[in-house]
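Novice: Spelled out from the first residue to the last, the chains are:
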Amino acid sequence: MESEHFEHGADVGVRGFGATPAEAFEGAARALFLLLCDDLSKVRGEIEEPISCDAATLEELLVAYLNELIFLADSRQIVFGRFEARIQQAPHGFHLCGRAWGEPFDLERHEYTVQPKGATFTALKVEQRGDEWVAQCVVDV
Amino acid sequence: MEYREIEPNVWELPLTGAMRVPGRIFASRALIDALDEKVREQIANVAALPGIVGASFAMPDAHWGYGFPIGGVAAFDPDRGGIVSAGGVGFDISCGVRTFTTGLKASALGEHLETVAHDLYRTVPAGIGWGGAMKLTVPELDELLAGGARWAVEKGWGEPDDLERIEERGCMPGADPSRVSRRAKERQLHEVGSLGSGNHYLELQAVETIFDREAARAFRLEEGDLLVTIHCGSRGLGHQIGTEFLQKFVPLAGRYRIALPDRELACAPIRSPEGEEYLAAMRAGINCALANRQVIGALVRKVFARHFPEARLRLLYDVSHNTCKAEEHEVGGVKRLLFVHRKGATRAFGPGHPELPEEYREVGQPVLIGGTMGTGSFILAGTRESETRAFSSSCHGAGRTMSRTKAKARWQGKVLIRELAERGIVIKSHTAKGVAEEAPGAYKDVDEVAAVAEAAGLSRRVARVRPIACVKG
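Top to bottom, those sequences are chains A and B. Counting in numbering that gives the first Met the number 0, the first sequence runs from 0 upward without gaps. Counting in numbering that gives the first Met the number 0, the second sequence runs from 0 upward without gaps.
These aren't lab readings, by the way, just hints derived from the structure by calculation. Even glycine gets a Cβ: it sits at the ideal position worked out from N, Cα and C. Do not take every clue at face value.
Examples of chain A residues lying across from chain B (beta carbon under 7 angstroms, computed) [said to hold, decoys possible]:
1. Ala9
2. Gln88
3. Lys116
4. Thr119
According to the in silico footprint, chain B covers these stretches of chain A (three or more CB under 8 angstroms from chain B) [said to hold, decoys possible]:
5. 1 to 8
6. 73 to 86
7. 106 to 112
Please put together the full structure from these sequences, using the hints given.
Specialist: This is how it looks when you write it as structure tokens:
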């Protein structure tokens, strides 16, 4: 499994898994957008958005990444279904460079549960467990 | 650490570690026993913030939030190093509730219930992908952020008389739209006049029980009356302000020597450039929410005019839940200016408070507690005692007791909608899964929460209302 939701008292946790931190970030992004469409294979990749963000730590980079995606989705009323992220060490921390593909939100084809409004520092973790990386945080909805 | 019951329905979390003041929780034995361990940690963490006055409070509906518990109240003294916290306000700035009386009895809906509910569902943008009631340019949005509900009334959304019965008379002073980022504004340009999703709703309700005749008279409530209640906030703009300032505040902890037990508590001194910048932006967020609810209220009036031309939708009151407001409170016999954070809590001024409209001054401020779409909600009134209890604050809802993830696994939205329909409650939503997450069983017992609010002296019950129809985002 590459992405899942986990419990929070009032909101929803998103978690991604992968062989690298970047893959785990992509998984967390998928978990995020599963709130907006229960089957991401239904999302057409007709819009491509470049994503770029920086942070001092990998954990803060995850929050910045998810918030960037939320901002793009909310301000442009689009839903993303596919993600590509690359993470590099930068002079003051980490830099993420990536792309996301999606289409205008369409209620007829995208069955949503709730609108994610912001990624938070709650239950925030980016860590290696054995061979696998895990990236997670709680999302305010 | 155990809670200590210091009087019926009032519990104390004694000073330990870095706590500067004790924690104080208003709860019955059942509610305190069910309180999440994380809420206890959050009450203690808030108690450790600089300049906190009195206690770190938790209302009867408290549950796990971000930094502060939801249902958390804390006041800070700007002259004693007090702070302002973006997490203490919450992401959905000024999320709140407004209730209208209609001049109709619920029985008047009769066979029209489904039609009216459907018209509300089609007229009031809810959920995702519908946009809002209007599209604005950035300069227009700036006017809204400065003017709040007053801006909306000037643009023809609602009536000037509404403003009397909105906190701050519909316009939060001290808002500075230039402190709100371009990104926050971009999220809002198409969202003004929309409910959003999650726990936000528009509900038709019937007054079921009157507890306090005198206050009910002042609020113009009688048994059987039809009410309309709207619950929503500052939408994308408020969240973006919260997110951006939380990130700005995190690195300040070192500079201002603030020990942060939790990053979500990131804050700035009230008397600092960063604190003042946040306050100016947050106040613009409050105006965004006030305008949003004002516009939705006007849409509801249009629906009623189509079906019941004789209806007169009169605003009972509009309360905000997620705020930080500068207020004068008496501490140890001395009046002090404090910055009161209410995170998922309602301001509840008692009788005689000068901020109240004349017609409510004898009975106290209306306090609107949103329950669930299957149980009920409450209208209460602020008490004089509440001033000494928790800086004139009360609870804001039933409070979740089960996570969204668990609720979605336990209930099926379509089944829930059918079951509620069998009980005469019409649910309209674009998302069955969203309805499952909001199942009445996922919340605390609203009757107990309201009873405890009264028993603890936070506010007194005026009326219980039951849901008839609910539009969920």
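Novice: Next step is simple, just say for each hint if it's right about the structure.
Specialist: Okay, the hints, checked on the actual structure:
1. Hint status for Ala9/A: holds, given a least beta-carbon distance of 5 angstroms to chain B, under 7 angstroms.
2. Interface restraint check for Gln88/A: the shortest CB-CB distance to chain B comes to about 20 angstroms, outside 7 angstroms, so the restraint is violated.
3. Residue-level restraint check for Lys116/A holds (minimum Cβ-Cβ distance to chain B is 4 angstroms; threshold 7 angstroms).
4. The beta carbon of Thr119/A comes within 5 angstroms of a beta carbon in chain B, closer than 7 angstroms, and the hint placing it at the interface holds.
5. Figure legend: the stretch 1 to 8 of chain A, annotated as covered by chain B; annotation consistent (5 residues with Cβ-Cβ distances under 8 angstroms, at least 3 required).
6. A stretch counts as covered by a chain when three or more of its residues have a beta carbon under 8 angstroms from one of that chain; for the stretch 73 to 86 of chain A and chain B the count is 3, and the coverage holds.
7. A count of 5 residues in the stretch 106 to 112 of chain A with a Cβ less than 8 angstroms from any Cβ of chain B is obtained; the coverage claim is therefore met, three being the minimum.
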